[in-house]
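Could you slot chain B onto chain A? The hints should help.
Which chain is which? The protein sequence lines are A and B, in order. For the first sequence, the tail end lands on 222 under the numbering used here, and the numbers increase by one without skipping. For the second sequence, the tail end lands on 325 under the numbering used here, and the numbers increase by one without skipping.
Honestly, the hints are just simulated from the structure, not real lab data. Since the model is a prediction, treat every value here as computed from it, not as a measurement. Each residue gets a CB set at the ideal place from its N, CA and C atoms; glycine is no exception. Don't take every hint at face value.
Label-pair restraints from in silico Cβ distances [stated by the list, open to error]:
1) A:F73 x B:R214: 36 to 42 angstroms
2) A:N215 x B:R133: 31 to 37 angstroms
3) A:N68 x B:H3: 27 to 33 angstroms
Under the rule of at most 27 angstroms between Cα atoms (straight-line distance), these lysine-lysine pairs were calculated in the DSS-like manner [what the hints assert, rightly or not]:
4) B:K74 x B:K110
5) B:K93 x A:K147
6) B:K112 x B:K93
7) B:K311 x B:K229
8) B:K107 x B:K93
9) A:K147 x B:K112
10) B:K74 x A:K147
11) B:K229 x B:K201
12) B:K156 x B:K112
13) A:K147 x B:K110
14) A:K147 x B:K107
15) B:K74 x B:K107
16) B:K74 x B:K156
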Amino acid sequence: MIATLLESLDPLVVELIEALFETLYMVFFSTLFSLILGFGITIALITTAPHGLRPNPRVYAALDVSVNLLRSFPFMILMIALIPFTRLVAGVAIGSTAAIVPLTIAAAPFVGRILEGSLLEVDRGVVEAARACGAGDTQIIFRVMLKEAMPSIILNIAILAITLLGYSAMAGAIGGGGLGALAYNYGYLRFRTDVMLYSVGILILLVHLIQTGGNFLYNRLR
Amino acid sequence: MIHIHDLEKSYADTPVLFHISCHIRAGEIFGIVGHSGAGKSTLLRCLNGLEGYQGGSITVMGREVQELDEEGLKQLRREMGMIFQNFNLMQRKNVFGNVAFPLEIWKTPKEKIRTRVLELLELVGLADRAQDRIQNLSGGQKQRVGVARALALNPKILLCDEATSALDPQTTLSILELLQDINERLGLTIVMVTHEMRVVKRICHRLLFLEHGRTVCQGATDDLFLAPKQDLKRFVGDDYTLSPTGTNIRLMFPRELAQQSIITHMARELNLDFSIVGGRLDRYRNDVLGFLIINVDDRRLESVLNYLQEKNLFWEVLDDDRHLA
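Excised from the complex, chain A in its bound form (with noise of 0.2 angstroms):
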């Protein structure tokens, strides 16, 4: 049935459905995926800095460095350099799947220090009352700093969605599709400049729904 609706519509307009699904699968798993990774960066950031729950100054400056390092990369160049990896993980080198692959890469350390700073505003004080309490570092980091920072944490991941959305555009280069590819593909290189705005437009829309989702969950845990 929907094959049937879809023949029926606009060629173009099978396009952009098309474009926005692949732009959201990117978004979606891309984000999914940086956030477990980063959220390990958090954990050992956390954990060793100067006054966190284990200090270790030269694992902290370590990672400090590595992830201010992978962060400065251009997302246009690690991702070309991450092809042969993207191909081991992915199995394939081109395509929406395969830029997931270099997304969460380059998300990762973002979302490692986001959450920390998330973390970090979470009061001492506290985290000092669970200790006096016999809590663990496992216990101290999931169930108070992690759950007293969840309305920070979800304004970050909007950020991050939202930053993803951004970088999602650029997968086209690697034929990852999406609406950032449409249009600049239709937009730029044909001329078609209408598809480019819808393009645009539906970005637009999408930026829009993401803010306004991660404001409302925030008041709503606040």
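The following block gives chain B in isolation, referenced to the frame of chain A:
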């Protein structure tokens, strides 16, 4: 209960505690008193291992704190509740959730948590606020939640870190009454850090005064305040501008004499004129105690001292430290 012997602590190269020794008895309310920066909160944090120390020893219920491993420290902390100046409650949990937190950490079964939390909220007078958000509570109510949380695991010792310093006088009083009640009813040993003299006088049995990380003096509260040594006088702002002529005598009113009209009686009996330099009556725990400083003519000094001797009063001639005032 707690033995501190020759304790020394420093942060990096800066020493903060010097040769502190004291003994906190089971069932008492012990005050650690000092101005800010005196090291009193640091000392308190050494008791449950939130801070380490470099020299000397602290034994709590027979255990040397510094020698405990991770698991041993957790066990120790389980037996020592703690409350804080800023309450340190979790903003994203409600009243019930905050009190339940220590029980969850120690993997208490759900039904037990429920009954225990409700029992604790009853004890601190917040039975009807279980579902309230922390933001909606007043300072005094927040501290009551703090007390309930600290008592959740049935500790033997309660550590209070400036627990009333963020509260107004009326609320302070109600929290102190709660603490006193807990101390008497549950036999809980309370160690209390504060810079507020009225708090100390109101509930502490015994005291340790700290200044710049050193012990100024220690002892029973009424002894210390009724006949303070020079250091303590300066500390508590208990200095009076003494008259340069005549002799200044400080009369102490211990509990059995505080209500009697000694002074007017003496004036009548000796047909004496004197001026009053200063004085104070305070409530110490459940007694009203105080002192009065009078100035008498040097020629009448002998008869006054004889009278005081006869009546078995505590007194002190103050002129020796006039220049120190």
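Against the structure, the hints:
no.: 1; hint: A:F73 x B:R214: 36 to 42 angstroms; in the structure: 56 angstroms, violated
no.: 2; hint: A:N215 x B:R133: 31 to 37 angstroms; in the structure: 20 angstroms, violated
no.: 3; hint: A:N68 x B:H3: 27 to 33 angstroms; in the structure: 49 angstroms, violated
no.: 4; hint: B:K74 x B:K110; in the structure: 21 angstroms, holds
no.: 5; hint: B:K93 x A:K147; in the structure: 9 angstroms, holds
no.: 6; hint: B:K112 x B:K93; in the structure: 19 angstroms, holds
no.: 7; hint: B:K311 x B:K229; in the structure: 24 angstroms, holds
no.: 8; hint: B:K107 x B:K93; in the structure: 18 angstroms, holds
no.: 9; hint: A:K147 x B:K112; in the structure: 23 angstroms, holds
no.: 10; hint: B:K74 x A:K147; in the structure: 21 angstroms, holds
no.: 11; hint: B:K229 x B:K201; in the structure: 17 angstroms, holds
no.: 12; hint: B:K156 x B:K112; in the structure: 20 angstroms, holds
no.: 13; hint: A:K147 x B:K110; in the structure: 19 angstroms, holds
no.: 14; hint: A:K147 x B:K107; in the structure: 18 angstroms, holds
no.: 15; hint: B:K74 x B:K107; in the structure: 13 angstroms, holds
no.: 16; hint: B:K74 x B:K156; in the structure: 14 angstroms, holds
Comparing the model with each earlier hint shows violations of hints 1, 2, 3; every other hint is respected.
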